[in-house]
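Residue numbers (this note's numbering), protein chains in the order written: chain A, 1 to 344; chain B, 1001 to 1148.
Bear in mind the hints are in silico, worked out from the structure with no lab data behind them. All values reported here derive from a predicted model rather than from experimental measurement. Glycine included, C-beta positions come from ideal geometry on N, C-alpha and C. Check each hint, because a few of them may be wrong.
Stretch by stretch, here's where chain B covers chain A in the computed footprint (C-beta under 8 Å, at least three residues) [what the hints assert, rightly or not]: (1) 156-162; (2) 208-220.
Reference excerpt, derived from the structure (chain A facing chain B, CB under 10 Å, subset only) [what the hints assert, rightly or not]: (3) G87; (4) E165; (5) K169; (6) T260; (7) A261; (8) P293; (9) A314; (10) A323.
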Amino acid sequence: MSLILGIESSCDETAAALVTADRRILAHRVAGQESAHRPFGGVVPEIAARAHVEILPSLIEEVLAEANIPLGQVDAIAATAGPGLIGGVMVGLMTAKGLSLSANKPLVAVNHLEGHALSPMLTDPDLAFPYLLLLVSGGHCQLLFVEGVGRYRRLATTIDDAAGEAFDKSAKLLGLGFPGGPAVEKTAQEGDSRAVPLPRPLVGTAEPHFSFAGLKSAVLRARESGRYTVPDIAASFQKAVVDCLIDRTKRALMHAAGATALVVAGGVAANQAVRGALQQLAASHDLPFVAPPLWLCTDNAAMIAWAGALRFEAGLVDDLDVAARARWPLDPHAEKARGAGVKA
Amino acid sequence: MIRLTGEAETEALGRALAARLQPGEVVALHGDLGAGKTSLARGILRGLGFEGDVASPTFPIIQVYEAPDVRIPVWHIDLYRIEDESELEELALDDARWDTALIVEWPERLGAALWPDSLQLFLERDGEGARALTAQVPPAWKDRWPLP
């Protein structure tokens, strides 16, 4: 059974993992681990390429030692090749190329979003293609129809802010703590979700996308009006986000014929109101609801190793001259979203 | 001071600015959350020819736009999440300026490293839906600002 070393360094986290094609996670490490406390991303990003350079070699040694596997027994080396901050991506990809060359093992260049898209299959052996994935985190808000390895249709994306970003920024506007997601969720429990009239951007429209920037501005206006309590604003904001996510996902389900499951991934999936509403939506469509464990939802290398394993088994390996890419849409044919306020 | 009465006007000003923007130049956008920085940035990107979704750079920190999507290469940068100045040099913004225009949100994070030749725009909310824009104009922009 193929054994893959995965490397992730495209954003805040530096990570390495060893995963087999039959779903065994032999070892996985995420440097720092602060991410456990900030599911939607952090305010202290390890963006510096230098940090990745310093951390990555020892991290790789640690996972190999933990699994008690020499590099020579690995079948292929997978690394995130984009999208992301180019300095960080280059560090991970160059490291993978070096290992690939020295150990004479094939290289698999993985799209970070593909890692997220395929990650639910790592922990759920019953999940089969095709499925509808809502990827909802601090940096992403997308609906993907996952048809197979390397076959993704992007049905929707955000035209401005991601949902997790809206949580973080609204938490800041409301003077709540960090991380914003859990802070808003906790405060919302003491509030009335019908107390503050907030917009549901794009809900009910024919276009498929998400938009959260206007909601953030509305939270700011509600706060400054002095007419509402913070818990009421938090509860109403959370309800508005849930309504947007559900409406857009419901619309996407109409364009995802044959979907075997509704899957959610990304840090926002930790929010119980979001999770509950999606579960209900899946049930109303007679679909199983799948949510991977949270550690697998946030950035990690196990998902990169897993995507690498599936690509490797499908014969999809890369040459050593494959380039790191800051921009790399998973579905290049996706209909371009239109910016808010622009009439096409 | 320029008064912008809505998002459409903010974007329109961005488009007009884009028509005068050259590779290597920096537009620094100051203002609090919700002040309209992203709307202005979106207008600039639209003016440079970009038709796709203008995704927030807050989490990725840099969104890269290149030909053929835009007339000149441009980076849309959000330094909101930067806390340590040592992280800034690794973004290689100085190198990017050789051929790329930079739109920088939260430029305060650059401190003294904010380039003196930047066009600095300050956005403030000014009543319901409106914005007040003031500019700090470097010599290189004297014949281009205010926009006609």
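Hint check results:
For the stretch 156-162 of chain A, the assignment as covered by chain B holds, since 6 residues bring a beta-carbon within under 8 Å of that chain's beta-carbons and 3 suffice. Counting residues of the stretch 208-220 of chain A whose beta-carbon sits less than 8 Å from any beta-carbon of chain B gives 5, enough to reach three: the coverage restraint holds. The interface hint given for A:G87 is met, as the beta carbon of that residue sits about 6 Å from the closest beta carbon of chain B, less than 10 Å. Annotation: A:E165 was flagged as interfacial toward chain B, and the flag holds, the nearest CB pair being 5 Å apart, inside 10 Å.
Residue-level restraint check for A:K169 holds (minimum Cβ-Cβ distance to chain B is 6 Å; threshold 10 Å). Residue-level restraint check for A:T260 is violated (minimum Cβ-Cβ distance to chain B is 28 Å; threshold 10 Å). With 10 Å as the threshold, the beta carbon of A:A261 stays out of range of chain B, its nearest partner Cβ sitting at about 27 Å, so the hint is violated. Interface hint at A:P293: violated, since its Cβ lies 22 Å from the closest Cβ of chain B, which is beyond the 10 Å cut-off.
Look at A:A314: its Cβ only gets to about 28 Å from chain B, farther than 10 Å, so that hint breaks. For A:A323, the interface hint is violated, since its Cβ never comes within 10 Å of a Cβ in chain B; the closest pair sits about 13 Å apart.
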